[in-house]
Every structure is written in structure tokens, then in C-alpha cells.
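Engineer: Listed below, chain by chain, are the residues.
Number of protein chains: 2
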Amino acid sequence: MKKLSESKAYGGIQGVYSHWSEATNCEMTFGLFMPEEAKYNSVPVLWYLSGLTCTHDNAMTKSGAQNWAAEQGIALVFPDTSPRGESIADNDDFDLGQGAGFYVNATQNPWAKHFNMWDYITISLPDLLFNNFSLDKDRQSITGHSMGGHGALTIALTLPNSYRSVSAFAPISNPTESDWGKKQFSTYLGEDKKQWRAHDSSILMREKGFPGPVLIDQGSSDQFWDLLNPEALSDAITYQKQAATFRIHKGYDHSYFFISSFMEEHISFHAEALYR
Amino acid sequence: MKKLSESKAYGGIQGVYSHWSEATNCEMTFGLFMPEEAKYNSVPVLWYLSGLTCTHDNAMTKSGAQNWAAEQGIALVFPDTSPRGESIADNDDFDLGQGAGFYVNATQNPWAKHFNMWDYITISLPDLLFNNFSLDKDRQSITGHSMGGHGALTIALTLPNSYRSVSAFAPISNPTESDWGKKQFSTYLGEDKKQWRAHDSSILMREKGFPGPVLIDQGSSDQFWDLLNPEALSDAITYQKQAATFRIHKGYDHSYFFISSFMEEHISFHAEALYR
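Protein chains in written order, with the working numbering: chain S, 6 to 281; chain Y, 6 to 281.
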């Protein structure tokens, strides 16, 4: 692991590090906020998965999350959204290839060698973090925005014992039925649509639900509403009788101004689960 | 108007009064909580519409609402759920007739003479209240439980200029498709189902929405879930992109223990709209 930078922030440390990942077969960069409490005790962790085009940097600099995480004594992890590098497969479209890993393990060439963001988020990066930082593996929660909301929900729903709570800002909710999903799944996973279902949070929510609490925030003026398909997720939550809060905020769009407006409440929501 | 009782409560007055109503052609009883502030200024009003079998008394004694209304300086109105009296039409079923007015104006005999709870809640009782108490007609909000949640939602959606915000606990959400609805609408309104649509909050929400904020709470262990049909309402809210919070609370049932557990948050929600 290499330290790229460390800055004091809200009494704690905002670091940026890189490491070799077996999952993606390349060097990966991530941000990590450690609150002051981590000097004395291992602290709980909130994962923040970012959306299309983002790196580890966007939420780390624009979400305002560290303020509230510092108050609550929670660490924040900001992973990248895909493998990156000149030798790594890519595509000219902003929503495919680098910056658009979609939190799956690709099975199709030329993507299969590097585009394994599912394993990166659930195996490689946790292994590194829990071996190198004062973090409590038994107290993890997960959130994310847009493609990252999709990642947070599908990962939590699939690995419910690993996360105490899950939330999402404007998640891609039903990718098997959206142009944000069909294109990427057919590219990364192939044309067998049965393989896609494990990566659709509305399907997973409807089929099994989540044992902990769920919080979803969505802006009514989101310019990508039709691609996100929040109806499918709200429907699945209600069908499942999932312990959940699903909110639509009038006039908010898809930007970080939306995320930062409600970040305090997401951190408080997770803190309640992490300190139970 | 007759004063039946007045008791000091949370620094204010919990009264019970009766009056002749032109809408229902009979004497009606209601509860009214006036916070201490009403001694000095006119105060905003939150209407609480009760569910099947309830009188004015149930929420007044079991919801715990006065505590929070006193903190916020808001008056609470607890109307009855139907006309009552020996000479008034009734039915042996608990969900039809007295105690089950369903917040409509009946057009069918023998119900049409007295069962006009829509006009009672929106005309008769407001006229009386604003002429006799220090209440601010320009600051009203409305909530309710079960059949009363249905009433609150349908009334607010139909008269959006009269209410700044609306909330509901476990509302009957889609009565045109439920045995809590079809039976009562066919009895009170007749078999022409077009007449029923004006009294279905999921239909109204889908068609027009509400200009103010909306809060819906539903227990996941509600024994009447299938009769309430919360799916229809969550679906309509999302379709409409309604500014709304729709929450499912794990393990809560249909009782006043559910209502009182979340009453503080409903009063705070309305206070924010009423003091804007």
C-alpha cells in the first residue's frame, strides 16, 4: 500500500492510498477518512460507493460526509468505481468501461481480467483495510449514489451479514430494465439475462429483503429519473414489507448538492445501526 | 355548542364539546386540544381523523398527541367518525354505519340524510371551530389513522388550499379495490364506480398529487395490510414524484401503540409546514 496523501480533517485524517488488487489485477486508489476516535479504538466503517464517471475523489471532496462521520466517530471509505490504466479495456461512452464498473465481476472479454469491482469492494479492499487500519470488521454499513447506490444495495442484499444498514442516494434501482444496466450487463456479463438478476436491487429486494434498516433518498427533479426507475424499488420495498424509509425530495436533482443536503441524515441513520 | 368537559392538559385545555351539524342533521361530539399559546394568539390546527369503530375519544386519550402539540403550540381536533343516535341508520357490521362514515357524503338511502362526514369535516365543524376558538384558519394540516388516514388524504388531495401538509398512519389507501371500501362505497355512494374514484387516495395522488409535504407511516406487521393496500399509495406517490416520506416500520401493527410511537414525528412534520 502506498500513501498518496494524508490531510487532517475534522479532527481526524483524510487519506488517499493506492494498492495492488488481486480482484482487478491493477493498482487501485481509494480515499479513507479516519475519525479522531480511531487513535484510541477501532471504529465502525461506512462504505460510500460512487456513481458513473467518479473516482475515489468526488464524494471525498464534495459530499460533506466527513463532518458528520467525525461527529459520530465513523470511518468512511471512498473506493474508485472501476479499474483504471492505459493497458486496461475502455470505451468512449462515459457509462461503459473505466469509471463505470457497475459493481459486477465481468465474465466477458476483454473485461473479465480487470472489471471485477464486486470482488474488489467485498474482498480485496476490505482485506487491505482491516489489516492496516483501526477499523471494526463487525461494524460495517454501506451507502452510495446512482451506480454506487445500485452497488451498495445489491452488495448489502447479497451479503447481509457483512453490513448492518444500507442506504442510497438516487440509486440505479432496476438496471435489468434500464439503459443504465442493460448495456453494461450485456457487455460485462453477456446476453444471458438470468445472470443479470443478481445485480438488480429491485429484484433482490422483492425476493429476499434486508435484515437491517434501509434508507433511500431520491430527488423529484432528478434528470435521470427514468433511468433510475425508483418506482421499481419503492414497489419492491413495500411488497417485501422491508423496514425502510423511502423519501422523495421535491426539486432536488442528481448532483452532489442533493447528496450533501441529506448526508447528515444518512450518517445518523447508519450510526444508529453501527452503535446499536 | 355545549361544553361536555374541559381538562387542563400539558399546559393547555383538552375539551369535549357537542353541537348541531347541518351536514349530518344530528348532534355531533368532538374533542379539541388548545395549547397554552392559544390564550394569547390564534394557533394553527392539526385535524386528526380516526378509524373504524372510533369516536372522538380514542385518539384523544390514546395517541399521546397532546404532548407534542403542546410543545409546538398547535391545536388538535378530534372529530367523531360518523353521525350517531338511535334514530340514525346503522348496520350490525362494525365496518358499516355508525362508527364507519368513511368521510363521504352518502347519496343512497337510508344513509343520505345523516352520513355526510365529508361536509361535516370540511364545512360544518370548521365553521364552528373558527367562530368559537382562537384558531388560525390559514394554518391547517390534517392527519389520520386507517379509515381516518383515508379521510385525511382524500380531503387534503381534494382541497389542497385548505391544508398545508398531510400525513397518515396506516391509511386505507386504495378503497376502490379493497373490501374496506367497495362495501362502504356501494352502500353509501351506489354502484356507479365512477363516483368512488374521488374517494381513493391512490387514484387522487396519481392524478394530481398534493402541493405540500406528505408523510405516510405503515407497520410491517399490520394485521390489516391487505385491506389497506399500501403498495397502491407508495406506487402513486412515486409515479407522481410527490414530495413525500413513506416509511415502513418493522414489527408495528395497526394499533394505537403504533400511532403513539410515531406521533411526535408527525406533529413535528406538520409543525414545520404550519410555522413556515
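Keep in mind that a hint or two might mislead.
Note that identical chains are pooled: a pair holds if it fits in a single copy or bridges any two copies.
With a straight-line Cα cutoff of 30 Å, these simulated DSS-like cross-link-like pairs (lysine-lysine) come out [unchecked claim]: (1) K187 - K255; (2) K246 - K187; (3) K199 - K7; (4) K199 - K188; (5) K213 - K246; (6) K13 - K67; (7) K246 - K67; (8) K255 - K142; (9) K188 - K8; (10) K8 - K213; (11) K187 - K199; (12) K188 - K44; (13) K44 - K246; (14) K198 - K188; (15) K118 - K8; (16) K255 - K13; (17) K199 - K142; (18) K7 - K67; (19) K187 - K44; (20) K213 - K67.
In case anyone wonders, no lab produced these hints; they're calculated from the structure.
Engineer: Checking an output row: K188 and K8, CA cutoff 30 Å. Within, between, both or neither?
Structural biologist: The answer is neither: 36 Å in one copy and 69 Å across copies each exceed 30 Å.
Engineer: Within, between, both or neither: how does the pair K213, K67 come out at a Cα-Cα threshold of 30 Å?
Structural biologist: Neither, since 34 Å and 36 Å both go past 30 Å.
Engineer: Indicate which option fits the pair K246, K187 if close means a Cα-Cα distance not exceeding 30 Å: within, between, both or neither.
Structural biologist: So K246 and K187 pass the 30 Å test inside a copy (28 Å) and across (24 Å) alike.
Engineer: Between copies, within a copy, both or neither: which fits K13 and K67 at Cα up to 30 Å?
Structural biologist: within (16 Å within a copy, 51 Å between copies)
Engineer: Checking K255 and K13: alpha-carbon separation at most 30 Å within a copy, between copies, both or neither?
Structural biologist: Close neither inside one copy (36 Å) nor across copies (40 Å); limit 30 Å.
Engineer: With identical chains, the pair K118 and K8 could be close in the same copy or across copies; at 30 Å between alpha carbons, which is it: within, between, both, or neither?
Structural biologist: Within one copy only: 26 Å inside a chain, 80 Å across chains, cut-off 30 Å.
Engineer: As a check of your reading, is K213 near K246 (CA-CA no more than 30 Å) within one copy, between copies, both or neither?
Structural biologist: Classified as both: same-chain Cα gap 10 Å, cross-chain 26 Å, threshold 30 Å.
Engineer: Cα distance capped at 30 Å. Does K187 pair with K199 within a copy, between copies, both, or neither?
Structural biologist: Answer is within: at 12 Å inside a copy they meet the 30 Å cutoff, but 40 Å across does not.
Engineer: Tell me, please, which holds for K199 and K142 at an alpha-carbon limit of 30 Å: within, between, both or neither?
Structural biologist: neither (32 Å within a copy, 58 Å between copies)
Engineer: Taking 30 Å as the upper bound on the Cα-Cα distance, should K188 and K44 be classified as within, between, both, or neither?
Structural biologist: Neither. Shortest intra-copy (45 Å) and inter-copy (65 Å) distances fail the 30 Å Cα cut-off.
Engineer: Measure nothing new, just compare the shortest in-copy and cross-copy C-alpha distances for K8 and K213 to 30 Å and report within, between, both or neither.
Structural biologist: Result: close neither inside a copy nor across copies, 40 Å intra and 55 Å inter.
Engineer: Since the copies are identical, ignore which copy is meant and state whether K246 and K67 lie within 30 Å (CA to CA) inside a copy, between copies, both or neither.
Structural biologist: between (34 Å within a copy, 26 Å between copies)
Figure legend: structure checked against the earlier numbered hints; hints not met, in rising order: 3, 9, 10, 12, 13, 16, 17, 19 and 20.
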